[in-house]
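Please model the entire structure based on the sequences and the hints provided.
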Amino acid sequence: EEAGLEVRRQAAEAGCAGALLACMTASSDVELMRWAAKALESLCGNDQGVFSEAAAEAGALESLVSALRHHNDPESLRCLAVTLQAVLSDDPGLLRVRAVEAGVLETLVSALRINRNDPESLR
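Read in order, the letters of the sequence shown are residues 58 to 180 in the working numbering.
Note that these hints are calculated values from the structure, not bench results.
All C-beta atoms, glycine included, are put in the ideal place defined by N, C-alpha and C.
Check before you lean on any hint, since a few could be wrong.
Said to hold, decoys possible - Here are the simulated distance ranges between beta carbons:
| id | residue 1 | residue 2 | range |
| --- | --- | --- | --- |
| 1 | Gly61 | Ser85 | 31 to 41 angstroms |
| 2 | Ala76 | Glu132 | 16 to 26 angstroms |
| 3 | Glu163 | Val64 | 30 to 40 angstroms |
| 4 | Glu88 | Val154 | 28 to 38 angstroms |
| 5 | Leu169 | Trp92 | 32 to 42 angstroms |
To be verified - Simulated crosslink set (SDA-like; lysine to any residue; CA at most 25 angstroms straight-line):
| id | residue 1 | residue 2 |
| --- | --- | --- |
| 6 | Lys95 | Glu59 |
| 7 | Lys95 | Ala138 |
| 8 | Lys95 | Arg155 |
If you want it as structure tokens, here you go:
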């Protein structure tokens, strides 16, 4: 587990979060956005805040809001919601406050409402 944290530290120091966020928001390519979101999720999950803090500092919350606004199909919604959960999962509270300020909750609720008639979007 310590080796995994060290890899996350190195990825954070190398600016990996910024590169992944650019992939999520700079392209209209849905597959590229999903790939970047899944990579971000993997690096943030169970990281004791090591990578998720760097991701937040690089603009992860704002990028997730932007991606949710532009990619609101059911599969992208699931992908982005899981990524959001990973970014916020080990947070003691500060990132959650920033998420509220960035409009993450309102945007996610709005995207879910768009897809509420699609049973697949709620799985």
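Exercise. Of the numbered hints stated previously, which ones are contradicted by the structure, given in increasing order?
Worked result: Structure breaks hint 5 only.
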